[in-house]
Amino acid sequence: MNTVDLKDKDKLFLTEKKANSPWSKLKRNKTAMIGLFIVIIMTLLALFSPVFAPHDPNQMNLSKVHLKPGVEGFIFGTDDVGRDILSRIIYGARISMIVAIGGTLVGGIIGVLLGLISGYSGGTIDSIIMRLMDAMFAFPFVLLAIVLMTVLGNGLRNVILAIGIANIPGYARITRGQVHVVKNEEYCNAIRVLGASNTRLLLNHILPNILSPIIVYATLSIAGAIISEAALSFLGLGISPPTASWGNILRGGKDFLNTYPHVATISGLFILITVLGFNLLGDGIRDVLDPKMKR
Amino acid sequence: MKEKLLDVKDLKTYFYLSSGIVKAVDGVSFTLEKGQTMGIVGESGSGKSVTASSITRLISKPIGKIVNGEVLFEGKDILKMSNKELLSIRGKDISMIFQDPMTSLDPVYRIGEQMIEVILTHQKISKQEAKRIAIDALINVGISDAEDRFNSYPHEFSGGMRQRVMIAMSLVGDLKLIIADEPTTALDVTVQAKVLELLKDVQKKTNTSILMITHNLGVVWDMCDTVMVMYAGKTVEYAKVKELYKNPLHPYTWGLLDSMPKLSQDSNKPLITIEGSPPDLRLTGNFCNFHYRCPYVQDICRTKMPELIEVDEGHFVSCHFQTRENTLERKEV
Amino acid sequence: MKDVILKVNNLSQKFKIKSKKLFDKPKILKAVNNVSFEVYRGETLGIIGESGCGKSTLGRTIIKLLNPTEGEILYNGKKINDLRGSQLKSIRKDIQIIFQDPYSSLDPRKTTGYLIEEPMIIHNIDDSKKRREKVETLLKEVGLDVKHYNRYPHEFSGGQRQRINIARALALDPKLIICDEPVSALDVSVQAQVLNLFKDLQKKHGLTYIFISHDLSVVKYISDRIVIMYLGKIVEIGDNESIYSDPKHPYTLALFSAIPPESPFEKKEKLTLEGEIPSPLNLPKDCPLTGRCPHEMAICSQKNPELVDVGKSHKVACFLYQQKGNEKNE
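Chain order of the listed sequences is A, B and C.
Per UniProt numbering, the very first residue in the first sequence carries number 1; after that it's consecutive.
Per UniProt numbering, the very first residue in the second sequence carries number 1; after that it's consecutive.
Per UniProt numbering, the very first residue in the third sequence carries number 1; after that it's consecutive.
For the record, the hints were derived by calculation from the structure and aren't laboratory data.
Among the hints, erroneous ones may be present.
Each computed SDA-like pair below joins lysine to any residue, with the alpha-carbon atoms no more than 25 Å apart [claimed, not checked]:
(1) B:LYS262 / C:THR272
(2) C:LYS14 / C:LEU281
(3) C:LYS30 / B:SER158
(4) C:LYS204 / B:LYS204
(5) B:LYS4 / B:LYS200
(6) B:LYS262 / C:SER242
(7) C:LYS267 / B:ASP225
(8) C:LYS199 / B:ASP266
(9) B:LYS331 / C:GLU262
(10) C:LYS130 / A:ARG200
(11) C:LYS199 / B:GLN99
(12) B:LYS204 / C:LEU273
(13) C:LYS312 / C:LYS267
(14) C:LYS268 / B:HIS215
(15) A:LYS183 / A:ASP134
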């Protein structure tokens, strides 16, 4: 049949394949590239904090309290007990990223599983799961976190859990909606007719086809998780001091906002830039993977 | 004396993709006289629909661009018109009917409102008068209880009814040309038959010209006076319908005629097919686009583009071996 | 005696349609309404009908994508409509389906090779090396190339995708294939190629086809026997020859007269039915064609016509012929 299949055609086909690959599309999107750049920088800071940090983040020095940025070699200055803010920001990046990614993973895995089950089975199971999700949605996040932290206690693991649990309904909903669309596609019928089990259909055919919007959602929700961590720590519900996290630094700076604004401003700025980075990247990925979702 | 209504000259519409230039319409010329019906047949990707959209400049920018040609409508070049002039022509003089009537009707407005809007944009009359004209048009296309149906939404109609509404909407103006792009492809055969009858009726009453884009040769036999066969953005053959049926000249036309299953077909014999699939429109070059699939291919076909030659009065064909001097022997299969 | 591979007895498929109004009872949509027929081994049974006549629902019920509301389906004499689990799985090997839309019926994220191999993986057939060999044979058999093994569906044209679908259906060596409008979405020249392929494969593998289509010329070309459906019912059934040379039912006649002419010289006499196909929601108890039929009689709106034999296993469900039959008997 393919006697007419030319070398030209194959060549064209390959260039087209290359041009249409998600990565090369993303590369053409400038804002997404800026986002990616920020995300990479923050990830590097988080991964190699000890290398980048000029000082020990917890080293107090009461003779050098509240130094202005740039003074005595402290690029971002020092805080109320003389700790180097730059080092704290760098170590804080580590905590913030761990919490954000961990929370997203916890919420994502549980939420996607619930969404798959709910969307595919329908009926009573669907109703029960979704009503549960509605209830969680209706519950204010901070209240939910307060309850969880009171029950579980402070600490990194529990912050991750709290953020993860709060993220579950979002993933469940988006997954369920996608499953609803995909499960009635003709190719799913074709697989059913071949005798495939439900598990096979769900994991091998439905899940790969709904992954793009979930990845997009995940990238965007990492940004949300960073803010959540900051908010929890700011409220004193998150990472317990003296461990550096961006929320903690912000909290430490809030009492001196009038006299030494640099503490809060710098940590706030880092939160802002990182969240912006993830959002830009997420938008870019969305445009590439799921153009229909573009509003 | 026959009057030219539409005269298309060397029309070229290209689409600029990151992977290359798609020459969707590549030098197409034809004329359409008043009250006549012309068919454009071809497979998907032959450029037949793009030709139709180019005439009313419905090409999505910036990817698509009409790069060359003239589209003379009553002597005026549509391609050079200002947007205002263009809008006054669309819907008033020229109307388009698409394959899926659902997409050409706005789902959130009632049929009646949409019709009145079309009437009022082109005629300065009162809303009441417009409504009367609209209802008359609906009755004309055979919609029973038009008064009630006037207040229905598009989704409350069946496919055939929606296509009737589209025809009715094209009737409300003083229409000169209907461009029908696969108007019956989505419809059942019995409904198709009715819609085609209706189009013929309308044409008889109003002396409208019809440009019929279709892949169905049966529809061409039924409706058209002349027909243009397109392949890969180019005209391969252009003739009167009866002439094309009796004396088709291009090997692609032969293949097209043969591969349609017919009721008179001996079902024990395999269908005669055109091998392969339509070419990639980015790979057209200085050769005959059909040479990949042509059973009569020779060296010259791969190195030179054949020109469209008038071999007989009104019968044009684009093949190196079908000229005034040469003829190609059609193989018996 | 002909060998019956599939027998359908009084099959009905009803759907509940929720009413738009809050407290109204759900309406019943009878997509397939008391249908019975037999399919013989090695033949092609064509099913013709317009949209909404229930032909696709019938196909999907036979393949058990839907459970029939009433009636039974017998495969090789064995009732299959309430099978479950492993028994159902083993029937799936024998009965396969090819869908209309070559674009949506292939998982876009799997390669051609995997798509064709998957049915064998599901049914634990052979080891991966043998499976790969089989996939390559199948690719060649349906007119594709081995180098297409690692390509994704979107890299193929509609005709090629339909070939992938056919190869996948063949992977389990089925006996019966339901073809649900398999060529409707294809270009004319490609359609002819695929039709020829269907015929070749049938000869080679001794396949039985149920070929569902709205295109009368295509059905005529491919089928041995033909069923004509209207509003969920069979109105006429018979041999290809006798249906096309001597159609009886007023609906069949109208359908045939609506086919576009085969040449510009052919002037067809159009025999149109009044109005439009009614919604299967408000199905009348009488003959489904009442209100549209040019030969309507008093009895038509009182009773439902049964299929009666008009010779050579040609059956029609119309009172016109029942009365004639009765008269002859008297």
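Going through the hints against the structure:
1. Among the hinted pairs, LYS262 of chain B with THR272 of chain C is consistent with the structure: their alpha-carbon atoms are about 21 Å apart, no more than 25 Å.
2. Between LYS14 of chain C and LEU281 of chain C the CA atoms are separated by roughly 10 Å; this keeps the pair inside 25 Å, and the hint holds.
3. At most 25 Å may separate the alpha-carbon atoms for a hinted pair to count; LYS30 of chain C and SER158 of chain B meet this at roughly 19 Å.
4. Proposed proximity of LYS204 of chain C and LYS204 of chain B is contradicted: the alpha carbons are some 53 Å apart, above 25 Å.
5. As the CA atoms of LYS4 of chain B and LYS200 of chain B are separated by approximately 20 Å, the hinted pair is consistent with the 25 Å bound.
6. For the suggested pair LYS262 of chain B and SER242 of chain C, the alpha carbons sit about 17 Å apart, so the restraint of at most 25 Å is met.
7. With a CA separation close to 14 Å, the supplied pair LYS267 of chain C and ASP225 of chain B stays within the 25 Å bound.
8. For a cut-off of 25 Å, the pair hint linking LYS199 of chain C to ASP266 of chain B stands: about 13 Å separates their Cα positions.
9. Taken as a hint, the LYS331 of chain B and GLU262 of chain C pair is honoured in the structure, with Cα atoms around 21 Å apart against an allowance of 25 Å.
10. For a cut-off of 25 Å, the pair hint linking LYS130 of chain C to ARG200 of chain A stands: about 22 Å separates their Cα positions.
11. Of the pairs offered as hints, the one joining LYS199 of chain C and GLN99 of chain B is violated, with about 31 Å between alpha carbons and a cut-off of 25 Å exceeded.
12. Taking the CA atoms of LYS204 of chain B and LEU273 of chain C, the gap is about 23 Å. The hint holds against a cut of 25 Å.
13. A threshold of 25 Å between alpha carbons decides the hint, and for LYS312 of chain C with LYS267 of chain C the separation of about 31 Å lies outside it, so the pair is violated.
14. For the proposed pair LYS268 of chain C and HIS215 of chain B, the alpha carbon gap of about 20 Å is at most 25 Å, so the pair holds.
15. Of the pairs offered as hints, the one joining LYS183 of chain A and ASP134 of chain A holds, with about 23 Å between alpha carbons and a cut-off of 25 Å not exceeded.
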